[in-house]
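Asker: Each chain, letter by letter, is given below.
There are 2 protein chains.
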Amino acid sequence: MTEKRINWVKLKDFCERLLIKQGLPLEDANLIAMSLVEADLNGVSSHGVSRMKIYMKRIEEGVVRKSSYITIEKEYPGALVVNAHNSMGIVAGVRAIDMAIEKAKIAGTVFVTVKHSNHFGSAAFFTKRAVKYGMIAFAASNAPPTMAPWGACQAYLGTNPLSVAIPTGDDKPIILDMATSVVAQGKIIMAAKNNEKIPEGWAITKDGKPTTDPKEALEGTVLPFGGVKGYGIALLIEILSGILSGSDFGPYLHNLWKDFKTPQNLGHVFHVIDVSKYIEIEEFYKKISTLKNDIKNLKKADGVSEIYLPGEVEMIKSEHAKVKGIVLSEAVLEDLRELANKWDVKFNII
Amino acid sequence: MTEKRINWVKLKDFCERLLIKQGLPLEDANLIAMSLVEADLNGVSSHGVSRMKIYMKRIEEGVVRKSSYITIEKEYPGALVVNAHNSMGIVAGVRAIDMAIEKAKIAGTVFVTVKHSNHFGSAAFFTKRAVKYGMIAFAASNAPPTMAPWGACQAYLGTNPLSVAIPTGDDKPIILDMATSVVAQGKIIMAAKNNEKIPEGWAITKDGKPTTDPKEALEGTVLPFGGVKGYGIALLIEILSGILSGSDFGPYLHNLWKDFKTPQNLGHVFHVIDVSKYIEIEEFYKKISTLKNDIKNLKKADGVSEIYLPGEVEMIKSEHAKVKGIVLSEAVLEDLRELANKWDVKFNII
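If you read the sequences in order, they're chains A and D. This note's numbering numbers the first residue of the first sequence as 1 and each following residue consecutively. This note's numbering numbers the first residue of the second sequence as 1001 and each following residue consecutively.
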């Protein structure tokens, strides 16, 4: 079978049209479509257009708000408390971090919580917005329980993602984007969708046994990255996103894939730091450039052909996919075809 | 040989007297002694009084400032830029986070950088200060290079420690305190001091080979926790502590153990969040209490007798050691005995 490569602009437009057809405002549809397609460009297909089917389903079922409504509940010089009122998570996240960026121009640093929100896609989509203002940004979210705390064999924490973006003064910012599980649950979902095995160490069964079967893993729990330390970081994100924000946490959250009656009610946090308030921006960029060059030129371990900065691999993949096209699995393509039929939107991406 | 158990107050007083003998102000001597003894109480002997010998040596050599001098270089509502002017790291860190706590009462959140500082001991010593004000706190520091970026076999990053403390409304805060290496380098130093082997996976030799010999490990590099993700987090701490703060970073830092001519010139960052600005503090405590109880009562994995919250094990050890006494190795006791002789301070701890 010939691999189908899809033009990213066509794919973005197609997703946008689907979302608009359900009544989303153009601006919101654009943000959501961009987030998903950027994830595919970066090679993070677990957070790409494979999510369109469930997003569309949730909008159709009325379990998320179509027309975003996002308010500020409290405001202090360095603090913002945002209520997403069950808007789409990607839209809520963008509004929140954009407000934080504005405020950080005066306060130097701003920490924002977002409550009553939904799945927010790829965390890097938010942090990279701050970079062009010469700001460092953090983004994190909780998620319904799929991960066992260290020592337990029962899910309580989400795979609580974390992204940090560092401006570099060029078009290659340093962008860390990670789940706090060994892998994102999305990768296990993709493996299940594509009937592939998963490596041992990613997850345990519901009885606490190791497994390579993605379906057993999805019934069981994924494991935190880095053992007890990763558990600590995932727990911290749960507390900030779920409790400090005034949202729900752990088992009190509602499932993205299965619950179409009750809003997810999860939360996010964003932290923005205006570099120029701390150090001359040119000095910062110069030192970052030294650090990047130094690391690229370190002695390599056996079998390693290149040392990468966080986000570098994704940028290389993205540049390639922008020219050559995005590869989607047959299963994802089939989902998109079905959506096109159902919502009477022209399936003109291939 | 009978194990010697040492009263923590006597040990603290002894360290204080040593530091005062070299001309440190009482208040600074007290903070440094408390930080070291608390680490020993918590069972983190790598950051305990085993550090007295090197701290005393550095003060004697004049490579750190005896009388702390800590200034604010820039100030914005949510931001503080602190210069430690080569003061002792523990003292600089306490001053910085205390100022952040004060400012956060108004701004809601404050992010502080500290430049031109020195080894700051256990990171939890700072974050726990915020807890009694109902604040969440982060602390991190860079350190001279001992850790290879992912894919390299040459040290560039420090074992860059990170602590986060969450207030819980009782006397059992959640306190994460970790190195971003698989283990703190201090543990490898302790193993070398006590002629013990280290587990495989902690470090590689200078040729990039696995090793269980702590001496080879100290010549080689330690590995980041959680693979490429831990590398990302360690790098982020390096950038915030070393570059954003206006300090030095990576190989441009100076060694704690070997360099008595040039100040370390490392940096720290602290972030303080006033919980009450985001959510009613009683609601926060109630939800944290639910989360703690839930996690303690999850189904346990095979061979696990109890599931712990971050910091819980250290608190249990500390309560025990406060009653039963602190156990120090013969090597550390010998160091302290030598210091007592050299500085003519009564060795009355055992």
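Since the hints were made in silico from the structure, they are not lab data. Any given hint could turn out to be false.
Listed next, the in silico DMTMM-like pairs over lysine to aspartate or glutamate satisfying Cα-Cα at most 20 Å (straight line) [unchecked claim]: (1) D:Lys1053 x D:Asp1344; (2) A:Lys74 x D:Asp1207; (3) D:Lys1209 x A:Glu312; (4) D:Lys1074 x A:Glu283; (5) D:Lys1300 x A:Asp344; (6) A:Lys299 x D:Glu1334; (7) D:Lys1074 x A:Glu282; (8) D:Lys1010 x D:Glu1334; (9) A:Lys300 x D:Glu1216; (10) D:Lys1300 x A:Glu282; (11) A:Lys10 x A:Glu283.
Quick look at which bits of chain A chain D covers, simulated, 3 or more residues with Cβ under 8 Å [to be verified]: (12) 74-88; (13) 118-130.
Values in this document were obtained by computation on a predicted structure and should not be read as measured data. Built from N, CA and C at the ideal position, the CB exists for glycine as well.
Asker: Determine for every hint whether it applies to the structure shown.
Answerer: Status of the hints after comparison with the structure:
no.	hint	in the structure
1	D:Lys1053 x D:Asp1344	15 Å, holds
2	A:Lys74 x D:Asp1207	55 Å, violated
3	D:Lys1209 x A:Glu312	26 Å, violated
4	D:Lys1074 x A:Glu283	16 Å, holds
5	D:Lys1300 x A:Asp344	50 Å, violated
6	A:Lys299 x D:Glu1334	39 Å, violated
7	D:Lys1074 x A:Glu282	17 Å, holds
8	D:Lys1010 x D:Glu1334	17 Å, holds
9	A:Lys300 x D:Glu1216	19 Å, holds
10	D:Lys1300 x A:Glu282	52 Å, violated
11	A:Lys10 x A:Glu283	41 Å, violated
12	74-88	holds (count 6)
13	118-130	violated (count 0)
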